[in-house]
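Number of protein chains: 2
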Amino acid sequence: MTHDALGFREARGSSVGPVETRRVVLWGEDDPLVLETGSSLAPVEVAYETYGELNGDRSNAVVVCHALTGDAHAAGHHGDPDQPGWWDTMIGPGKPVDTDRYFVVCSNLLGGCNGTTGPSSTDPATGRPYGLRFPQFTVRDLVTVQRRLLAHLGVERLHGAIGGSLGGMQVLQWAIDHPGELAHAVLVCLSTRLSAQNIAFSSVARAAIMRDEHFAGGDYYATGLTPEVGLSVARMMAHITYVSEEALSLKFGRTRQNGGGPTFDPDFEVETYLDHQGAKFLERFDANSYLYLSRVMDYFDPFADEEAAVAALRGNPTRFLLVSFDTDWRFPTSHSQATAEVLRRAGCEVVQREVESPWGHDSFLLPVPEYLDLVDSFLGAPS
Amino acid sequence: MTHDALGFREARGSSVGPVETRRVVLWGEDDPLVLETGSSLAPVEVAYETYGELNGDRSNAVVVCHALTGDAHAAGHHGDPDQPGWWDTMIGPGKPVDTDRYFVVCSNLLGGCNGTTGPSSTDPATGRPYGLRFPQFTVRDLVTVQRRLLAHLGVERLHGAIGGSLGGMQVLQWAIDHPGELAHAVLVCLSTRLSAQNIAFSSVARAAIMRDEHFAGGDYYATGLTPEVGLSVARMMAHITYVSEEALSLKFGRTRQNGGGPTFDPDFEVETYLDHQGAKFLERFDANSYLYLSRVMDYFDPFADEEAAVAALRGNPTRFLLVSFDTDWRFPTSHSQATAEVLRRAGCEVVQREVESPWGHDSFLLPVPEYLDLVDSFLGAPS
Numbered sequence: 446m447t448h449d450a451l452g453f454r455e456a457r458g459s460s461v462g463p464v465e466t467r468r469v470v471l472w473g474e475d476d477p478l479v480l481e482t483g484s485s486l487a488p489v490e491v492a493y494e495t496y497g498e499l500n501g502d503r504s505n506a507v508v509v510c511h512a513l514t515g516d517a518h519a520a521g522h523h524g525d526p527d528q529p530g531w532w533d534t535m536i537g538p539g540k541p542v543d544t545d546r547y548f549v550v551c552s553n554l555l556g557g558c559n560g561t562t563g564p565s566s567t568d569p570a571t572g573r574p575y576g577l578r579f580p581q582f583t584v585r586d587l588v589t590v591q592r593r594l595l596a597h598l599g600v601e602r603l604h605g606a607i608g609g610s611l612g613g614m615q616v617l618q619w620a621i622d623h624p625g626e627l628a629h630a631v632l633v634c635l636s637t638r639l640s641a642q643n644i645a646f647s648s649v650a651r652a653a654i655m656r657d658e659h660f661a662g663g664d665y666y667a668t669g670l671t672p673e674v675g676l677s678v679a680r681m682m683a684h685i686t687y688v689s690e691e692a693l694s695l696k697f698g699r700t701r702q703n704g705g706g707p708t709f710d711p712d713f714e715v716e717t718y719l720d721h722q723g724a725k726f727l728e729r730f731d732a733n734s735y736l737y738l739s740r741v742m743d744y745f746d747p748f749a750d751e752e753a754a755v756a757a758l759r760g761n762p763t764r765f766l767l768v769s770f771d772t773d774w775r776f777p778t779s780h781s782q783a784t785a786e787v788l789r790r791a792g793c794e795v796v797q798r799e800v801e802s803p804w805g806h807d808s809f810l811l812p813v814p815e816y817l818d819l820v821d822s823f824l825g826a827p828s
Numbered sequence: 446m447t448h449d450a451l452g453f454r455e456a457r458g459s460s461v462g463p464v465e466t467r468r469v470v471l472w473g474e475d476d477p478l479v480l481e482t483g484s485s486l487a488p489v490e491v492a493y494e495t496y497g498e499l500n501g502d503r504s505n506a507v508v509v510c511h512a513l514t515g516d517a518h519a520a521g522h523h524g525d526p527d528q529p530g531w532w533d534t535m536i537g538p539g540k541p542v543d544t545d546r547y548f549v550v551c552s553n554l555l556g557g558c559n560g561t562t563g564p565s566s567t568d569p570a571t572g573r574p575y576g577l578r579f580p581q582f583t584v585r586d587l588v589t590v591q592r593r594l595l596a597h598l599g600v601e602r603l604h605g606a607i608g609g610s611l612g613g614m615q616v617l618q619w620a621i622d623h624p625g626e627l628a629h630a631v632l633v634c635l636s637t638r639l640s641a642q643n644i645a646f647s648s649v650a651r652a653a654i655m656r657d658e659h660f661a662g663g664d665y666y667a668t669g670l671t672p673e674v675g676l677s678v679a680r681m682m683a684h685i686t687y688v689s690e691e692a693l694s695l696k697f698g699r700t701r702q703n704g705g706g707p708t709f710d711p712d713f714e715v716e717t718y719l720d721h722q723g724a725k726f727l728e729r730f731d732a733n734s735y736l737y738l739s740r741v742m743d744y745f746d747p748f749a750d751e752e753a754a755v756a757a758l759r760g761n762p763t764r765f766l767l768v769s770f771d772t773d774w775r776f777p778t779s780h781s782q783a784t785a786e787v788l789r790r791a792g793c794e795v796v797q798r799e800v801e802s803p804w805g806h807d808s809f810l811l812p813v814p815e816y817l818d819l820v821d822s823f824l825g826a827p828s
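Quick mapping for you: the protein sequence lines, in order, are chains A and B. Under my numbering, the residue at position 327 of the first sequence is numbered 772, and the numbers go up by one with no gaps. Under my numbering, the residue at position 79 of the second sequence is numbered 524, and the numbers go up by one with no gaps.
Isolated chain A (complex conformation) (with noise of 0.2 Å):
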């Protein structure tokens, strides 16, 4: 949902302006990435965007890291105002992410589709694109990326790392792995173990994406067809879980187009809505990432010996900030509970909070008050 679509009108802070997205090939063929599988990958180029300015310590950098169909592209415009990047209500000049105070970095994900190497780059022992032979990843490895890319930009250390659903899950690992690297580390929407029904929903937009007849077994590149209908079934299906019952009713209710008899047609307004949505993502994701970057999410589990992660916790300097919506039911606020429980028994300082909103998962994109004021304070606070 586009905040219009919802009537949020509002804006916090002014925009960054005009961004442009960089490039930087940070592992060459000659010193490859090695996977947590033990894959290797090279060449690894990254696509990534810098709004405000490093400090003289190089003290101030907070990293944003996108969810599953994100881009490196969080805020300002390319040109046009009225196409902001996906988080500007949150990164800008006075706002959450405050670009007048940090230094902030947000990368395409490995495996991604928008200028970081994944299943569309050319695989450069066959000269045709990966598809399916491109490595599976882990969380860690999308961490590992994104501190390879913050020493390219010469930052060792972070004030804050932030992320919603996918997003969040690397700022946890993060925090996990390299104590002393973050000083706040903001988790929305996270789950540090998906549900059955989470893995099930993920499993059968999957499946509509990899029976689909163009799909060609991932080899879809050279054929000049997509597999588009799994790939837009796959997203209308996600986007009901991504938005609360609740808004869908208070926006759409059973309002119809036509005021004829049962047409197979779009009718209810709802359905105009998914259609645009699986539409308008055909134009900007691949389908193959699309696998590769929900599967990531399915086997994360950083938590699944419990003992052995309080033990490794104990004494992490981060400080943690949990926020959820009340009516997000794909990433719902048990999900933060249960992971500020297992901080506070490793004695890490941790913030956890439910926020109303009626708008379900899509919540943490949108301008939503008490979350960006929680963010806001959470991060400025000294540390």
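If you're looking for bench data, these hints aren't it; they were derived computationally from the structure. Misleading hints may appear alongside valid ones.
Any copy, or any two copies together, can satisfy a pair, since identical chains are not distinguished.
[Claimed, not checked] No more than 20 Å apart at the CA atoms, straight line, and that leaves these computed lysine to aspartate or glutamate pairs for EDC-like:
#, residue 1, residue 2
1, Lys-696, Asp-743
2, Lys-696, Asp-746
3, Lys-696, Glu-626
Add chain B to chain A, keeping to what the hints say.
Below, chain B without anything else, positioned relative to chain A:
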């Protein structure tokens, strides 16, 4: 979910034993069924089963109305006692719909694909299956067919009618339109008005089917290929919504089948389960029937004009039992409560109960003791 999958093994009462499905042409070509939209349809053949005996004064009939993907085979078996009808827990000697007391009738719905005329039937005008040339119809039309079958069987007044989901919609419409015909109406997991979320899920299911390359505009019957990808994806998605998150967690959790690294093959048990559900469904259901019957539910809205509905129901002698389940998030208790409120405003006799059961919407097919007891005592009470 089968009972075994859920760990239910106990049965109450015994089975009606071997049964067979019969067929009857209720509207011939010279006497078409005129639908609510004004369209005509002929011939209309109906597949049905009966259990128990009609008593001397023809006062002990109970009609069972099936839901979206049901059929006429509600109880007993067709040769293999281990493959009972879909509501064998509810219907049989000594069971709540007691075949020692009642003459029970269950027919395949108009638009279905198991013996009753539907989109896979031959259109006499073309000699080919109707496909999407089958007329749109409504819940009221489903009731018209149910009533004609009853007339054929010599029954004018019913001891009761019972149905879950789309089945309950028929029972309610029947009670509204034909006061005095139903002594007892049992409405399980009923909604008189699907929410935007509910329509959204059905809409995505239909998109998966209609955009499947093999759908061929609904004329896939002659091609040797069916929209099986779309239909199985639709079923898998719907299945997630028929089961509570709690049920999926209890049954599957995050249990994996291989201990290796990440893979796109089914790995989590819930994935294998959904795969199986999708595949099994292809053996028994027609994609066009899925389209028509799901669309009927979207449009059902008998209380759209609530004041008119209350006025029309005033003095209605039917006694209503509404049962819902606390973990059913697809057809939640709030919908039953809203229905009960309208019925009560009209002065109708209403019992409305929420039953605890972890199994979500699927509970209506399962031997949940409190639920079976409610139906038993309601149907058995003197009217």
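Taking the hints in turn, this is what the structure says about them:
| no. | hint | result |
| --- | --- | --- |
| 1 | Lys-696 <-> Asp-743 | between (31 Å within a copy, 17 Å between copies) |
| 2 | Lys-696 <-> Asp-746 | between (35 Å within a copy, 19 Å between copies) |
| 3 | Lys-696 <-> Glu-626 | neither (42 Å within a copy, 40 Å between copies) |
Violated hint for the displayed structure: number 3, the only one.
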